[in-house]
Amino acid sequence: MEVVLAETLNIRKTYEKQNLFTKKRDQVSAVNGVSLKIRKGYSVGLIGESGSGKSTLGRMMVGLETPTEGQALFRGQSISNISLRQMRPLRRNIQMIFQNSSSVFDTSYTVGESIAEVIKNSEKASKKECLEKVETILEQVGLDALYAQRYPKELSGGQRQRANIARALVLHPEFVVCDEPVSSLDYSLRKQILTLLNDLRNKFGLTYLFITHDLSCVPYVCDIMAIMYAGKIVEQIDLKKNSMQNALHPYTSLLFSCIPAKVPAERKKCTVESIIDTTVIPDSKYCCRFFPRCPCCTERCTNEEPLLKEVASGHFVACHIV
Amino acid sequence: MQYKTKQGVQSENKALEIRSLSLDYIMQDQSIHAVVDLNLVARTGKITALVGESGSGKSTVALAVMGIQDKNAVIPGGEIYLAGTDILSMPKKGLRSYISNHAGIIFQDPIDSLNPLLTVGEQLVEAVLIHEKITKKQAFTIALNQLLAVSLPQPEELMKKYPFMLSGGMCQRVMIAIASVFRPALLIADEPTTALDVTVQAQILHQLDSMRKRDGTAILLITHDLGVVAEIADDVCVMKDGYIVESGTADDIFSNPQHTYTRQLLAAAL
Amino acid sequence: MQVKIQAVKRSNARFCSSHGIINRIFTQKTAVFGLLIVALIIIIAIAASVIAPNDPLKVNMSMRLKGPSSLYWLGTDNLGRCIASRLIWGARMSLIYSMCVLGLMMAIGIPIGLLSGYAGGRIDTFIMRTIDIFLSLPTFLMALAIAGMLEPSVKNMIIAMASVWWAPYARIIRGMAMQTKQQDFMLAAKAAACTHTQIIFRHILRNIAPPIIVMATLEIGSIILAIASFSFIGLGAQPPTPEWGIMLSDSKEFMQTQPQLMVYPGIAIIVTVMAFNLLGEGLKNAIQN
Chain A
0 MEVVLAETLN IRKTYEKQNL FTKKRDQVSA VNGVSLKIRK GYSVGLIGES
50 GSGKSTLGRM MVGLETPTEG QALFRGQSIS NISLRQMRPL RRNIQMIFQN
100 SSSVFDTSYT VGESIAEVIK NSEKASKKEC LEKVETILEQ VGLDALYAQR
150 YPKELSGGQR QRANIARALV LHPEFVVCDE PVSSLDYSLR KQILTLLNDL
200 RNKFGLTYLF ITHDLSCVPY VCDIMAIMYA GKIVEQIDLK KNSMQNALHP
250 YTSLLFSCIP AKVPAERKKC TVESIIDTTV IPDSKYCCRF FPRCPCCTER
300 CTNEEPLLKE VASGHFVACH IV
Chain B
0 MQYKTKQGVQ SENKALEIRS LSLDYIMQDQ SIHAVVDLNL VARTGKITAL
50 VGESGSGKST VALAVMGIQD KNAVIPGGEI YLAGTDILSM PKKGLRSYIS
100 NHAGIIFQDP IDSLNPLLTV GEQLVEAVLI HEKITKKQAF TIALNQLLAV
150 SLPQPEELMK KYPFMLSGGM CQRVMIAIAS VFRPALLIAD EPTTALDVTV
200 QAQILHQLDS MRKRDGTAIL LITHDLGVVA EIADDVCVMK DGYIVESGTA
250 DDIFSNPQHT YTRQLLAAAL
Chain C
0 MQVKIQAVKR SNARFCSSHG IINRIFTQKT AVFGLLIVAL IIIIAIAASV
50 IAPNDPLKVN MSMRLKGPSS LYWLGTDNLG RCIASRLIWG ARMSLIYSMC
100 VLGLMMAIGI PIGLLSGYAG GRIDTFIMRT IDIFLSLPTF LMALAIAGML
150 EPSVKNMIIA MASVWWAPYA RIIRGMAMQT KQQDFMLAAK AAACTHTQII
200 FRHILRNIAP PIIVMATLEI GSIILAIASF SFIGLGAQPP TPEWGIMLSD
250 SKEFMQTQPQ LMVYPGIAII VTVMAFNLLG EGLKNAIQN
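Protein chains in written order, with numbering that gives the first Met the number 0: chain A, 0 to 321; chain B, 0 to 269; chain C, 0 to 288.
Excised from the complex, chain A in its bound form:
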């Protein structure tokens, strides 16, 4: 029986502003009712563009943001509306690798001190034990133990990201949300970091929620792929049972078609002719959010919101056409 590690129950996040004079409410929904189950040992890749709500969802699942509706659970326990004090013991097992490595560290402390802070907050360890743990984790992420005395500004982008990973994994958490860990890195470093993440996953038995906008990262660390658009999951594929190429949702096909070629010979005559105003997303609950951009939308798509349905084993699509 597989353990459900992290789960969301119809979670929503909306940001609201009320104009005091006209009393008109300006609502921006970041996440619109997502129910995602992450089982232990099955890492999920969450793919979406900016504005799809994937980072917000990731933060809600780590307990760094409170949802407007619904809940996020960890091992069956709700982490959404609990106080900081109640959350603290859970932090051992839920961690996050942040996107922007340069701003994640407090620049007034060395790398070693920042990592030691994580250890000291969760367990009583002597100075020597702390130091040992810091050095061990730094070596496991591929940094020399000497880097513990360096300030974050003294490290290169790739080294800072490794230090970021070290900080998140030093307590061997069970569930780690990786928020675009390789997006801000140079092309040549991405493969190294992804390989590192995969090795650590196997070594420590971690489960990832890997958030990215780059489809090509997914096969390295993920077992399940989930595509997110406008705050909803539109497709979910279990990569062990199905291939990524069997994706059915029109948005997934669009994402695939926009991936740049690997060599000039594979260059596509670009098919993205029509210019779609990407800021226009229908706000209604009663239609498919992708219909303004969809090449094959029908009238049903404008009236009825499609729900995730299973089209093959481990393959779910939210679309009326398939």
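Any given hint could be a false lead.
To be verified - Which residues of chain C face chain A? A few of them, derived with a C-beta cut under 7 Å, are:
hint: 1; residue: Q181
hint: 2; residue: F184
hint: 3; residue: A187
hint: 4; residue: K189
hint: 5; residue: H202
Honestly, the hints are just simulated from the structure, not real lab data. No experiment lies behind these values; they were computed from the predicted model shown. We put the beta carbon where it would ideally sit given N, CA and C, even for glycine.
Start from chain A and add chains B and C according to the hints.
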């Protein structure tokens, strides 16, 4: 063969030619050789990609060509022929207007590159009026046409909007519109799609591609992403630590890389 | 070349630690000048009992209004007291009083500002409205009024000034706390299971400490001027305390005949205020770069 165009004398096909360029950054106690003996050619109607990691000096080259390099930067030697004339030996007086008439540049973060306090229309009109002495109304029409040329929808509405109201992709198109308003011979794109999503990236690359086909603009595309290079570049120069280690056509570089560094870069592809 | 860039990065990082800031101060001539004068004033203040040639309080009516001599370096005032000694002891008084005012202001302003900026919501609104009330009152007149209502003394002057002047600092500190709260490392600190107290003291305060120090240094000048003004009108230090403001006040009657009695303390105030301002500007530039 030299021939005159309405933009001045141009050497055959070479919108930009850099010969033996060196650039040093003078810091407090040392000087850093950011660019060393660089040779590069960007031909009219072709997309030349300058590839390298962070710190290789590729952005420095772009800034030097546009004449907007850091105060600490010193150019000990080399020549930069922009549309036939060496801008490093030009007198300071006419330099600014010469460069802005023959080259445009777009940067990585489109929202930060635009002035947040002015509307899109105001910024475009300002760019037009710098180049030509015409009335505001005429400038406005040119600006509208430019927005249509970069395939932005509903240009009249767009002119009234502020940069923060637009998405990253739309801002980048506005930047392209501003940089190419008078069809410069060279357009430098410094990591134009790094901060953008993959669908928007495809649109912007398509936009750059159609610009060079329609107007014959030479595009110097600076990037660290080999996927982008494979997608649209014609010629490629690989840069490492201030040196060009290898250059050639895109087909050659991808199918038959000679230098170890180029091979490493290709092997690092996902 | 990669190694070179790393080396430069490392030295830049050192720049940003406290040793680096001190180094950067030394590169600015005006800041060094200010630092030297401040250091000189502090030394004079500490060693006042050793340096001063005479007892600043000793009245000697036979020696009144004499010119400079080997015994009385700057001459004597209207009561025969040594001007030089009074100036030297005045330095000590000015520094002590201004440090007290500054200390109190920060002791009230920093916690309130931090709490307001970090907590947000209703607590923030309540504190901000309180600060707004304090800010809407003319601060100098308020301080005067308080000092006037209580019995005139140094202690009451310090309390009066600090009780009104903490407000602008609390507001600035609140702004800085709010800005720091937005940064990414705050999320990381929460993910690292830090408590609220740990976040405020270990992260926010440590990051806003440099600008607070700059503000404090720049403010000392204004405080010294204010103390002198209070003493001038009799609401601060009381005679016969050797304080520069009192010296100015005493010499009012002799402005026409013995202008030097006013000039000496005046110059002392100007030089001290200017020195602290130059030092503060230097610190600000060193931290910003």
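Query raised in the report: Which numbered hints does this structure break?
Result: 1
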